[in-house]
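Visitor: The residues making up each chain are set out below.
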Amino acid sequence: MTTNTQKTDATTQKTHATTQKTDVKKQDSMSTPTLAPHQDAPTGHKPDGRVGGGLFDPKQLVKSLPDAFRKLDPRVMVKSPVMFVVLVGSVLTTVFSFKDPGDWFGWVISAWLWLTVIFANLAEAVAEGRGKAQADTLRKAKTDTVARRLLKDGSEEQIPGTDLKIGDLVVCEAGDIIPGDGDVVEGVASVDESAITGESAPVIRESGGDRSAVTGGTKVLSDRIVIKITTKPGETFIDRMINLVEGAARQKTPNEIALNILLASLTIVFLLAVATLPPFADYAGSHLTMVVLVALLVCLIPTTIGALLSAIGIAGMDRLVQRNVLAMSGRAVEAAGDVSTLLLDKTGTITLGNRQAAEFVPVRGTTEAEVADAAQLSSLADETPEGRSIVVLAKEKYGLRERHQGELAHAAWIEFTAQTRMSGVDVDGRKVRKGATASVIAWVQEEGGTVADDADTIANRISEAGGTPLLVAVKDDKGARVLGVIHLKDVVKEGMRERFEELRRMGIKTIMITGDNPLTAKAIAEEAGVDDFLAEATPEDKMALIKREQAGGKLVAMTGDGTNDAPALAQADVGVAMNTGTSAAKEAGNMVDLDSNPTKLIEIVEIGKQLLITRGALTTFSIANDVAKYFAIIPALFAAVHPGLDKLNIMGLSSPDSAILSAVIFNALIIIALVPLSLKGVQYRPVSADKMLRRNLTIYGLGGLIAPFIGIKIIDLLISLIPGIG
Amino acid sequence: MSSVLADVLVVTALIGALALVHRPLGDYMAAVFQSKNHLRVEKWIYRSVGANPDAEMRWPAYLRGVLVFSAVSVLFLYLLQRIQDKLPLSLGFKPITPDQAFNTAASFVSNTNWQSYSGEVAMSHVTQTMGLAVQNFVSAAVGIAVAVALVRGFARSRSRTGDLGNFWADLVRCVIRILVPLSVIAAVILVACGAIQNFGDIHSITTLTGDKQAISPGAVASQEAIKDLGTNGGGFFNANSAHPFENPNGFTNLLEIFLLLVIPFSLPRTFGTMVGNVKQGYAILAAMAVIWFLGVVAVTITEYAHPGAASQLAGGAMEGKEQRFGEGNSSLFAVSTTMTSTGSVNSFHDSFSGLSGGVLLLGMMLGEIAPGGTGSGLYGMLIMAVIAVFIAGLMVGRTPEYLGKKIGTREIKLAACYILITPALVLIGTALAMALGKGESSMTNVGAHGFSEVLYAYTSASNNNGSAFAGFAANTEYHNTMLGLCMLLGRFVPMVFVLALAGSLAEQKPVPATAGTLRTEKPLFTGLLVGAILIITGLTFFPALALGPLAEGLA
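In the order they appear, the protein sequences are chains A and B. With the working numbering applied, the first sequence closes on residue 726, and no number is skipped along the way. With the working numbering applied, the second sequence closes on residue 1555, and no number is skipped along the way.
Please keep in mind that the hints were generated in silico from the structure rather than gathered at the bench. C-beta atoms are modelled at their ideal positions from N, C-alpha and C, and glycine is treated no differently. Any given hint could turn out to be false.
What the hints assert, rightly or not - Calculated lysine-lysine pairs in the DSBU-like style (CA-CA distance at most 30 Å, straight line): (1) B:Lys1438 <-> A:Lys554; (2) A:Lys554 <-> B:Lys1279; (3) A:Lys132 <-> A:Lys219; (4) A:Lys493 <-> A:Lys431; (5) A:Lys509 <-> B:Lys1086; (6) B:Lys1522 <-> A:Lys509; (7) A:Lys132 <-> A:Lys99; (8) A:Lys99 <-> A:Lys63; (9) A:Lys165 <-> A:Lys63; (10) A:Lys691 <-> B:Lys1279; (11) A:Lys252 <-> B:Lys1094; (12) A:Lys691 <-> B:Lys1522; (13) B:Lys1413 <-> A:Lys252; (14) A:Lys547 <-> B:Lys1043.
Unchecked claim - Only some residues are given here: those of chain B computed to face chain A with a beta carbon under 7 Å: (15) Leu1014; (16) Ala1017; (17) Leu1018.
Claimed, not checked - Reference listing, derived: stretches of chain B covered by chain A, where coverage requires no fewer than 3 residues with Cβ under 8 Å from a Cβ of chain A: (18) 1052 to 1061; (19) 1420 to 1427.
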């Protein structure tokens, strides 16, 4: 994807991305900026670069119309049993209308039945259309590249990218498009991965470690790397992405199949109810025409959900794609809704990733300000996040102006090393050191100074609270002495506690995974409000934890990026691999997060739930609708022979023909009316199952019962205005 | 005391008695089916049929047991009727015709007890006691056994093999430890209250007007007890529980209603106990009770309010009802008998007003689940619960699960097939009869009411109820055969799906409940379940009901 194509996309899709925000406002209001990478762009990420989601544009309907007609092919239609019945019905009524061309009623009903089928196809086409646009931009990235294959003797040959085999070594230099997926085996390079992630800031890829994976179609910006190809052409990440977003690889998910079976069985029940009606009606003295029977059948079978079912599934995957998550199967998306245990890495997910100075604690006989001053001085040259945070704290809390290194021209900076475990500065006859407790105490004693007796106590207290103590010592004209302790603390991201409370209400247990010691882990776990933690975690521990949870029947989701995460990712029910991770991790997981944001897991779970809720809600709505349709059609059919049945015409519909027609029209229009809902999904709130059920039952059950009474009545009123009817 | 007050008191007493009994009885039944011991008499039976009662069966084996046992029962019963004149105590009755013998055999084995004959003028003592009465016990026990197998499917968590228990043990225990003791107690009370119990000959008496009348004797009280307790419904006399020998007074009337409701209303407790969560049982019980109670209220009110000068003078629509029982007791009995799969009657449903007849029809169309037949009520309700859980489960954002078991593709396929069977039988059966003119020729009435008679017959047979709209002339070769087929298919095809579902559930490892799990023990779910049942059934049968009872009742 070039920047240009992104732009053109962005102009049409911008509005959608903004409406998307209100759509998911609940999640967003709860989340910190880091939780919603789409909404903030500090890294230069273009939120509008991808195909917009949320509400749909009515223009999409027009654009997808040709596809909707193409889908009329019976071989395609038969996959949706409900809509196939409608198609057969439309053919039948049309045939009967040809036999009796003077009957306007037959023609009008036929027309609306055809429209019902078209509307259903349109819903699916619109859902697919959004993926197609994205696939096109991806295809542009997948231009046929020329690979520079490295031969055994060290020479290069030029071959088409499509001829590469697994295990081939290829060379890429600045400006080259990487010809296939692989691992860097030699060199370091900055790579532009915007074609895949939409993220324009280049990333570093280097041989060895967890940053070695490169993706075909991305562009090397600097330096030279040698890549070992790990995927066959045609099966690369970008190929799979295209297939996924286009829906070509879409298979019905287990739950979708189950729902389809239920809908098919309801269809058969209603088919029976309608097919057995003619003998009953004949006895009553009323002859039912084929057109009327088909109209009744189509009104009764669950066409609303039948028409929208596949659109809902496609849109669910699409919503993930909009959040830059690629699900390798729809099954994984459904599983996400069922997850009951979330494994979250502490660093980067729960905490900001770096320890920060929280306070300066003086030993007896010194003041906080003295500690702050010395700490700041010793940290001026310290470019680590910890060091910066000390300077920031000193400035914010004690108003100490940040001194620049240049102001201290003759200062000697002492770098931190693994051996000394201290850093500091020697300036104007003053030596300042900060570092690990034992090292600093040793230094003070070496310099002939004394160590305040409470230094150790303070340091221990900080450790126990889960923090990291840094001793600050100074040697000046008063001799060497410990001044105090800097309290470094893991900072829990804002809003995480609320987030975990939400998850708890949803019935999801959160487990924090960390390499810290149990004491530190416990303190952070308590502060963040997670349910449990796994301290000093090794990949084996992680794996054991997942298996233990699964043995209890729970579904586990986790994120990971390293090669040693791969077994756990494969074992987890939902394994989200970070795009920055190794190819092994990406292979093992069933989703890939292109933003490499571990907090995304929570959103993935919510999308999974939203997908299932949308299906359930529309099924309920569809079935509840039938009640009103009966009240329209039954009196219309039989009030002539059994006048008492006219009492069932509680809507007061103007004539039998108009009643049946109104029901059929309502049935068709409701599909179009619900397309936006099926694409954006039913609003999801993280509340308990009871509350959610009550809410959805009220809206879609009760609403589904009442809405058609109103809708059919309105349509009937409009129809009765047409002269010659009613 | 006004009759309305009396009716309220009767219903209150009935509900009170059921509330009192369902816990101990339900727990007792759970204990029976979970017991590891065998009584001596049970061991004899197992040895004589060559069954190993401790062998666990997977669902195909369990199903085989059900089908083989029932097939043998049908054959035996058929033969018995065909040769009853050659056996002792024949009372001089001729053998039953082939079509009627088939119909009756199918009827009693399928726990329907539809009778196209009049017991007192057709069936010998041997046929009644060795054939029909035995089936009253075992057909009820088969239903309970299948329900227990389904409950085990939910309850068993670690049995990856899908074992469902042993059919022979369940069948024998149900008869020996539950049905026999209870019916002995009930029979003794009935005899004490005036029901007859003898093996005498027919008395011929001269009535006041000088006519000759034959008074039939028989083991009535014992058959009456199991007829109601096992939700069978086949009366000793044609008049069924309206006959004073079967149902002598108001107390026995209440007792009989109690008997036909007590096992179906206690089984949810058994279910709750066996799955280790009695609240789940209460949710099912509540759904059954709500529907039953709505039915009682609807029919009673309609009957009292029946318009027309004659019925207004009589204080209600009294045609076809016993003066001894009146409106309230008749309505209560009628609803209870159609909503269980009993089919015994103390009044003639044909004579109920159009709308009441519709409610009685609907009660059967619901699939006999509120509270339904012995066993069949529970498994029917659990299947509906599976469907309701599937839709509701989606609405809380998880792939649906019930009692920790996932309702996936296979489970929903089996449940969906189950709910197809009886509507298909009812609608196709009625439509064929109407299309072939067989319906019209058997009607006593014309118009919508005549149609109701045909619809009622096929609904009653397919749902294994057995009650009839009395006007319908069922003893024709066509109806005997078709109704017999409806009864057999309506009984055993659903059982195939129930047992397959049980097997599939038993193989699953349960999912632990969390705050995100749908709470199926809450009133909200019960409400949803009731709503789903009423809407799905209502939608299926609305056109047919509109042309019968609704057309008549709204006219």
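Visitor: Take the C-alpha atoms of Lys1413 of chain B and Lys252 of chain A, compute the straight-line distance between them, and say whether it is at most 30 Å.
Guide: holds (16 Å)
Visitor: Verify the interface restraint on Ala1017 of chain B: the C-beta must sit less than 7 Å from at least one C-beta of chain A.
Guide: violated (33 Å)
Visitor: Is Lys493 of chain A within 30 Å of Lys431 of chain A, Cα to Cα?
Guide: violated (36 Å)
Visitor: With 7 Å as the cut and Cβ atoms as the points, is Leu1014 of chain B at the interface with chain A?
Guide: Interface hint status for Leu1014 of chain B: violated (32 Å vs cutoff 7 Å).
Visitor: Does Lys554 of chain A sit within 30 Å of Lys1438 of chain B, going by the straight-line distance between their CA atoms?
Guide: Distance of about 58 Å is beyond 30 Å: violated.
Visitor: Taking 30 Å as the top limit, are the C-alpha atoms of Lys252 of chain A and Lys1094 of chain B close enough?
Guide: Not OK: Lys252 of chain A and Lys1094 of chain B at ~62 Å, beyond 30 Å, violated.
Visitor: Given the hinted pair Lys691 of chain A and Lys1279 of chain B, is their alpha-carbon gap at most 30 Å?
Guide: holds (19 Å)
Visitor: Does Lys63 of chain A lie within 30 Å of Lys99 of chain A when you go C-alpha to C-alpha?
Guide: violated (35 Å)
Visitor: Would you check the hint for Lys691 of chain A and Lys1522 of chain B, treating anything up to 30 Å between C-alpha atoms as holding?
Guide: holds (12 Å)
Visitor: For a C-alpha distance cap of 30 Å, please report whether Lys1522 of chain B and Lys509 of chain A respect it.
Guide: Judged against 30 Å, a Cα distance of about 23 Å means the pair holds.
Visitor: Given as covered by chain A, does the region 1052 to 1061 of chain B meet the bar of three residues or more with CB within less than 8 Å?
Guide: This one is violated; 0 residues, fewer than the three required, reach chain A with a Cβ under 8 Å.
Visitor: Holds or violated: Lys165 of chain A and Lys63 of chain A, Cα atoms, limit 30 Å.
Guide: violated (40 Å)
Of the hints listed earlier, those the structure fails to meet are numbers 1, 4, 5, 7, 8, 9, 11, 14, 15, 16, 17 and 18, in rising order.
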